[in-house]
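Novice: Residue strings, one per chain:
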Amino acid sequence: MYVKVNHLGVLARAVRNVSRRKMRTFLVIIALGFSMAIMISIPAGIMANQEAAQSLTENFNSTISTMQEEITKSTTLIECRASSGQGMRSGMPSGMPTYGFGQEEVFINETVGDEIRTIEGVKDVVPFLQKSSEETTSETLSTPRGSFTISRPLYTITGVCLNSTFIDDYSILPTNITGRNLCEEDSGVLLMSLNLSEYYGVGVGGKVEIYGESFTVVGIYNSTGQGVTGARTVYMNITDAQTVTGQIGNVSRFDVYAENASYVDGIAEVIKAAYPDLYVTTYEDRLANLQNMQTMYTTTLNNAESTLSQTQTIATQEIIIAIVATSLIVLFVMLYTVRERTREIGILKAIGFSNLNVMSQFMLEGILISLMAGVVGIAIGSIGAPFLSSLLLPHISLFGGSSGRFRPSFGSANLGTTGSEAASVALNPELMLLAFGVAVLLGALGSLYPAWRASRTSPMEALRYE
Amino acid sequence: MSELVLETEKLDKVYKLGGRQVRALSDVNLQVKKGDFISIMGPSGSGKTTLLNMLGCLDKPTYGKVILDSVNITKVPEKGLFKIRKHKVGFVFQTFNLMPYLNAIENVELPMEGTKKSGDEKRKRARELLKLVGLSEREEHRQHRLSAGEQQRVAIARALANNPAIILADEPTGNLDSKTGHEIIRLLGKLNIDQGTTIVMVTHDSLIASRAGRMLFLSDGKLQAKEKQGTHLLKRELTCPNCGREIQPDDTFCPRCGKKL
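From first to last, the protein sequence lines are chains A and B. My numbering puts the first residue of the first sequence at -18, with every later residue one more than the last. My numbering puts the first residue of the second sequence at 317, with every later residue one more than the last.
Same shape as in the complex, but just chain B (with noise of 0.2 angstroms):
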């Protein structure tokens, strides 16, 4: 059995909204492999934000607890939980968050600040990230100057530079159009499979959550008890599903039929 990154038990969690009580969350119980890809599905206002504020210990759930690389983060005093939000966890945002002063490598190399990293160790990591994002090209450039996919690219860079255990990817396709999305899922994909990521994104779109390893349904702050497999994108990409060559996982056409993959 393969290591466990993430595990939540009996996860609750309850806003009070003008008085009232609201149940964002009730009862989740998710435990996440090293080595997953695994997408969390619902309508807007299930819950898909707060589950992945809880596990990423930027909110605190009313009664359960998340275990996140062997420690349980419920119990952690807020003064420490930066540290795990440093170093165990990566964050990819819908709208990107970079730092509009900062450029590329820039971004890339600010979660590391604070660690035992040299500045020459920190600007070399962060190449390599940018070029594994494909972004080589790109080091100096200002977000005013990057395209929204070249954003999100480097956004994934940066939650990559801490070696995290896990990535939390809060719709990270929602602010780029289809063309744009699909490339930035096969690289969330190809650093799952090549780099052996463990990555929880949650999304409202069905055609993006399939292209992930492991599907889950959220609806009404639950965890719904049915499970897919996802097509995930480079084993779908194996080979082709027209013609069934075998193709490369960065191909978008297939170079044998010439179909749209």
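So that you can see chain A by itself, here it is in the shape it has in the complex (with noise of 0.2 angstroms):
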């Protein structure tokens, strides 16, 4: 490259010694580009991290709050779920079905509902079918770790006894409806949540095809602001469920509600006694689930604070790492440069060049590759800052280690849980011009000494120089 200029000044004259040399140039921007990526890279990460920290905990205290409404409203609720027997099931509040992701879905005969129904106390036992979609979606979760992509069922299919007395009493559908919600006696219709519909591009008086049935969508129920998880349920008349996933007569929950919360306790037992098979909690049950839910989460929350915290120490180091490597590259590059140009150096101050003229030469030399080493950092940063940062953080393990192990997965219905431990590392425009600057800045540290060294070269002895 060879810089064409009317009035040669010191700038072009930088210019073009750094771009004779195009090679150690080349070299020396990529490894200053990385530092400088290193540099951007890390407190994106950080921040990515804070933020989403912030954001679960907003989002899971919000929750909480929830729950505990629901828990609170809901004294006199005995939850009979259908279970293989195995491990612990999270607490859920009345009418909001769950969808136990990776778990085994399991099924029991609806009669078993009219035997809970003899038992003395049991004001009324509402029946509830809750089945995954066949069709799966894929998603990605960006974490500080890296991206990686889940399969996840579409939507849960919710069958609801659709008795004007449960509808009116217990809450077992949602509200914030467009359209209509469902009633007594519907049949081959459907209540869908929003982001389903706009999944589907359909809306109310629209047909869906559930398990190869069309059903028409009659309301649409707004998924936004019910907890951590994007809901995506399909609510439809029971009975309809149990025909299109194929388990007529079955049922997976039962809601048993006592005549008072005097008969709770009674209920239960006598429930777990003849059923072995059926997960059974009370109000206190739930409510001590929730709290054991509120202690583990803020144990993790400490903990993911206590790593948060560790790795801010360890990006500061490795900031300071980077700064001081890319102080030394470009003090090497200009010491080795000025030692190659020593002749240079010679004849110019032998021409009438000031000390002042040859160091600001050399500096404006260094500060041109950390220039340039800036924009390619920047670039790097912007690409690789997610593999960067997770390559570089410890991994921020936010709710536990491994995702899904304990995800925060209530509300009024769980698919896209997608997010909840996402941290995306995005560069921002501040970081970007503190990139900048700090490449000025370490162009001219870094070129200072080598710079102030040529000044002082004896002409003499630097046109002795071979």
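Derived by calculation from the structure, the hints in this document are not laboratory data. Every residue gets a Cβ at the ideal spot worked out from N, C-alpha and C, and that includes glycine. A couple of the hints might just be wrong.
To be verified - Okay, the calculated beta carbon distance ranges per label pair: (1) A:P410 <-> B:H457: 43 to 53 angstroms; (2) B:H403 <-> A:V305: 19 to 29 angstroms; (3) B:G435 <-> A:R320: 44 to 54 angstroms; (4) A:V356 <-> B:K432: 34 to 44 angstroms; (5) A:R5 <-> B:N491: 24 to 34 angstroms.
Please dock the two separately framed chains into a single complex, following the hints provided.
Specialist: Rendered as structure tokens:
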């Protein structure tokens, strides 16, 4: 590259000097660029983690209070879930169907409900059938450790017994509906979440196929603001649900309502004794579960905060190392350049260049290289920030380590829980500007001593240098 | 009496080499008048370059003084010497010392950086100087596209850029073949006659030294008392030494008798 200029100045000379040693300049720019990329990726990663932690905390707190309200309202509710008899299940409030991702879906004969209804003190038994869709969706989770794709069922079918008493008394259907809600005698119709309707591109009155059967959408409920998880559930008559899913005569849950709170413990004991395969929870169990959840969350959050704090320390150290490395690269390269161009310095001084002239030329060259490295660094950082930050920062496990082991997946429905641990690393303009500032500073800093040395070179000695 | 451009008084230079003292110059008294073309001749190691470095503010004497254009440069602090080098001295080196990344005209402009001249004025002056040294057609050529003689011409033009009081030439023909060397000496002589440029040249080549107006001899750091009148190129060229007829300054061969000059 030959920079042709009308009047040659110190800047044009610096550009030419930088450009005439292409390979060296290229290697230095790449090396510095990586250092710059590290400098900008790490803070971006830290910020992303902080934002993710903050967002999770806010979501969790909001969900906990929603759950608490639901639990408080349902003191007479005894939940009986079909269970394979293994493992704990988190307690869910009434009317909140759950989808235990990765768990086996278990069903129980609906006649069990009739038997439970005969127990003394039982007011009502409300059956539910929940079944995952056969259609799946792939979602990409981007975390500080990188991105990975998971496959989830597209939606959950929730079959509800459309008894008007149940609808009126027990909040078995969602609220905030566009169109109309389900009502007694409804068949061949369904209620679906807004995000699901957007996915299918259907509105109220439209038709969708569920397990190969055509259903009319009568209502769309707004699934936002209903907990951490994005809800994607299809509500329909339980009979329709049993038919389409091939679970005729089966249900997955009974919500048993006692006449009053004093019967709850007795009823629960009788059910547990009679049906060991049912997982039974009362108001107190659910409250205890909620408290456990809070404790667990607090512990994991504390751990995460501690990890975050350690990460910040490590990040600071890494940034310092990157800054020192960058300065040293500039320093050594410029020292080498000064040594290599000793004779040139001698000539410049012999023809009347002052120490300041010589110094400014070498400093300018160092700054130029660093500026170019800044641009390269931003380019590398923009593309590789997630990778670099995951490579350089320890894994921040915000909720107990492996994703999905404990995921606060409660809410009115729970497909699409992406992002509970997602920390998307993005560079903001301030960081880029800062990178440029740092680049100029380091270029100036790294070339300061070599430039000073160049300026102090005796012209006579320099002219003798071979 | 002509105006003195350069004067040294009892100039001494002692170096320390490996714990022992080496006297590179001893009691050098030199007077250079405006318009002089002086050659200082001496064998290798006689102190020629050391003397030239003292005269051009590249080095300071251990003792004695150097007065350049009425300024005692030995008293000028190190930080102020660059101004003298820029405005009062023009260097011509044996190895040309052009900047390889600059073309001919940019090399000539280089010493003018930091002067009050505008960009256009610098370019104009550089063009004039390149024309003066016969390189108008080579303005845009960089070092690697110029012959050795052309490079030295560019170096001479660069030395003249700030219209210095004196040109100091250190073995200016040392890296050139005989023919090109004579061309360069002819150019220096022409500048001396036409422009009145004061030139001090050091060389170990007696033939080259003899082409100056005045020949001085340096031996073991001491300027010898004997001094010779040189056969100044242009003075010699006024008549052919073979046929005595009038010749032109740039002639290599006599146009009358055809013999080499």
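Novice: Against each hint, give a clear statement of whether it holds in the structure.
Specialist: Hint check:
In this structure the supplied range 43 to 53 angstroms holds for A:P410 paired with B:H457, their Cβ-Cβ distance being about 46 angstroms. B:H403 and A:V305 have their C-beta atoms about 44 angstroms apart, which leaves the hinted 19 to 29 angstroms range violated. Judged by the Cβ atoms, the range 44 to 54 angstroms given for B:G435 and A:R320 is violated: they are separated by roughly 32 angstroms. A C-beta distance of roughly 37 angstroms is found between A:V356 and B:K432, which places it inside the suggested range of 34 to 44 angstroms.
Between A:R5 and B:N491 the beta carbons are some 29 angstroms apart, a value that agrees with the proposed interval 24 to 34 angstroms.
The structure fails to meet hints 2, 3 from the earlier list, while all remaining hints are met.
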